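Chemist: Make a model of the complete structure from these sequences and hints.
Throughout the sequence shown, residue numbering follows the UniProt record's numbering, covering 1 to 104 in sequence.
Just to be clear, a hint being listed does not mean it is correct.
[As the list claims (entries may be wrong)] Quick list of in silico lysine-lysine cross-link-like pairs, DSS-like style, CA-CA up to 27 Å:
1. K46 <-> K85
2. K70 <-> K97
3. K70 <-> K37
4. K70 <-> K28
Because the hints were derived from the structure by calculation, they are not lab data.
Here the structure is a predicted model, which is why all the values come from computation and not from measurement.
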Amino acid sequence: MQTATMNDVNVQMDIPNETDDLGKEEQKSRFIHLRAKGNSFAKIAKELKVSKSTLSNWSQELEEQIAQAKALELEALQEEYYLLKEGRIRLLGDQIKAIQEELS
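Modeler: Right, here's the structure in full:
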């Protein structure tokens, strides 16, 4: 909110500026991240200090980005717990090396 003086009268006007937009974009980015991790609207609303209805609007607006973030999150978890074929192959390779070293 900015204050302007006109004819010796202070008037407060809600004029959006770039920092407001930057803050909102950061909030949206954080929302995408938290939603992809499976957090509820209630938890996210509390953390970001925005209403659930705002989050609902963002959810519709950012549906594709949330889906992409969820997919990346899932892939990272699968890789971390060796659920992907590549991860299982690496794990088995490490185990074979350890066995070969033990036998030599």
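Chemist: Between K70 and K37, does the CA-CA distance stay at or below 27 Å?
Modeler: It holds: about 7 Å lies between the C-alpha atoms, which stays within 27 Å.
Chemist: So if I understand the rule, the pair passes when the alpha-carbon distance is 27 Å or less; does K70 with K28 pass?
Modeler: holds (15 Å)
Chemist: Would the pair K70 and K97 pass a check requiring their Cα atoms to be no farther apart than 27 Å?
Modeler: violated (35 Å)
Chemist: Given the proposed pairing of K46 with K85, does the C-alpha separation stay at or below 27 Å?
Modeler: violated (39 Å)
Going through the hint list in order, the structure does not satisfy hints 1, 2.
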